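Undergrad: Take a look at the letters that make up each chain.
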Amino acid sequence: MSKVKCLLCPRECELKEGQRGDCRARMNIEGRLNTLVYGKPCSVHIDPIEKKPLFHYLPGSAAFSIATAGCNLHCMYCQNWEISQREPENTRNIDLSPEEVVKEALAAKCRTIACTYSEPVIFFEYAADTGRLAHKNGLLNVWVTAGYINPEPLKEAVTFVDAANIDLKGITEDFYKTMSKGHLKPVQDCIKTMRSAGVWTEITNLVVPTYNDTTEDFSRLCDWIVDNVGVEVPLHFSRFWPMYQLKNLPPAPEDVLTRAREIAMSKGIHYVYVGNIPGHDGNNTYCPVCKNILIARRGYMILGYNIIDGKCKFCNHVIPGKWE
Amino acid sequence: MGIIVKSHSKPALQLNCNAGLECGEENKMLNKKLTRKEFLKVVFLGLAAIIAMPLLRLFNIKANVSRKDARYYKNLAG
Chain A
1 MSKVKCLLCP RECELKEGQR GDCRARMNIE GRLNTLVYGK PCSVHIDPIE
51 KKPLFHYLPG SAAFSIATAG CNLHCMYCQN WEISQREPEN TRNIDLSPEE
101 VVKEALAAKC RTIACTYSEP VIFFEYAADT GRLAHKNGLL NVWVTAGYIN
151 PEPLKEAVTF VDAANIDLKG ITEDFYKTMS KGHLKPVQDC IKTMRSAGVW
201 TEITNLVVPT YNDTTEDFSR LCDWIVDNVG VEVPLHFSRF WPMYQLKNLP
251 PAPEDVLTRA REIAMSKGIH YVYVGNIPGH DGNNTYCPVC KNILIARRGY
301 MILGYNIIDG KCKFCNHVIP GKWE
Chain B
1 MGIIVKSHSK PALQLNCNAG LECGEENKML NKKLTRKEFL KVVFLGLAAI
51 IAMPLLRLFN IKANVSRKDA RYYKNLAG
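Residue numbers (our numbering), protein chains in the order written: chain A, 1 to 324; chain B, 1 to 78.
Worth double-checking, as some hints may not be accurate.
[As the list claims (entries may be wrong)] One side of the interface only, derived from the structure: several residues of chain A facing chain B at Cβ under 8 Å:
id: 1; residue: V4
id: 2; residue: R11
id: 3; residue: R26
id: 4; residue: V37
id: 5; residue: Y38
id: 6; residue: S43
id: 7; residue: H45
id: 8; residue: I46
id: 9; residue: D47
id: 10; residue: N93
id: 11; residue: L96
id: 12; residue: P98
id: 13; residue: E99
No lab work stands behind these hints: they were computed from the structure.
In this text the structure is predicted, and so the values were computed from the model without any measurement.
From the three backbone atoms N, C-alpha and C, an ideal C-beta is built for every residue, glycine too.
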C-alpha cells in the first residue's frame, strides 16, 4: 500500500498504511488519506459570539459552536487539551452531519456557525461542507483557529469563512517551537491572507508568564500587526490560567495584561482588549477618535451600545466590523 | 415495651467475603500452584496480547469515527 503525504498544514505528514497524522484526525487507509472526524463533533455548544472572542462581529448574537478531536499544534498551555490532544476514538463524539449542524443552528436562532475549541483546520472537510451549506441558509461562518494551515487549503477556506479569530501566540520562532511544536511564519501568512481576502479578522495573544510577557514581546507583536495588517484589526490579550502542561505557572497578573494593552495602544492599534478578566476596562470598545465608550461589556455580556449604522454615536467615526 | 423485630434479610453488599463463597471458607484456587506448562502459557498469551494491541488498533477503528476521503494530500511513490 502506498504512502501518502498530507498537504493540509505545514507539517505535511508522510503516512504509511495505517498511520495517522500528527493531528490524530487523518489516517492513511489503504493508500488513501481519510478524515476520521467528518460529522463527528465531540463538542457542540451555543456560545455568545464574544466568547470566541469576536467583539466587532454581530455583537450580542449566538454562535452555534462545534469542534472535533485533534489539533495540529501541541501547545503546552492548551485550554482544550482534553479534546485537542486526543484521538477521536478516545472522545465522546456524536453524529452531526453538516445538514444537521445547519438545521440545529437555525432552530437555535444562531447567526453564525463557529468552528472552534480545538482546531478547524484539522476538520477541514467537515468545516468546508458545513460552511457552504450555512451560506445557502443565510448563516455566516466563524473560525477560531491557530492559523497553522498551508496556502492552498487556506485559499479555499477564505471562500466560506466570514470571520476569524486567529491566535498569534508569540512573535518569535523559538516561542512557537518550544510552546506549540510549530512555526511562526505560516501563522503570520494566514493572518495576512485572511485579512486581505476580506475575512473579518481579530487576533488573540494569550499572555503566558515567563514565556511571552515582556515589554519587548508585546512591542514586537504590535509592530508586526501594525506593519502587516493595520491598526484597525482588533487585538485581544487574553489571560493565561494554569492548564495542561503548565500547571506550575501562576495566572498571568492583571497588571501585565494592562501593560500589554497600553503598549498596543501606544503603537497606534485602535481596538485592544483584555480577556479572561471580567470588569477590566479592556472589556469595552472605545472610539479611537473621541474616546467615548461604544460598547460596554462585562465579560461576554453587553451592558451598553453606542454604535449606530456602524458609526460612533458621538462623533460619527466609522467603526470597522459587522454590526448588523 | 417495644417489639424488637429480628431481620432475616441479607445485607446488599457482603464485605470481607469472596463472591460465591460463605464467609470463612478458604479460596482453594489461590492455594493451587501453577505448573510450568500453565505458567509458560500465561506468559505467552500476555506477550501475544502486547504485540497484537497496535495491530488491533490499526484494523479496529471504533464506530464513532468517520472514514471519509480527505482532501489536500498526494500519494507518494514507492
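Undergrad: Decide, hint by hint, whether the structure agrees.
TA: Hint by hint, here is what the structure shows:
no., hint, result
1, V4, "holds, 5 Å"
2, R11, "violated, 12 Å"
3, R26, "holds, 5 Å"
4, V37, "holds, 6 Å"
5, Y38, "holds, 4 Å"
6, S43, "violated, 14 Å"
7, H45, "violated, 19 Å"
8, I46, "violated, 23 Å"
9, D47, "violated, 24 Å"
10, N93, "holds, 5 Å"
11, L96, "violated, 11 Å"
12, P98, "violated, 12 Å"
13, E99, "violated, 15 Å"
Of the numbered hints stated above, those contradicted by the structure are hints 2, 6, 7, 8, 9, 11, 12 and 13, listed in ascending order.
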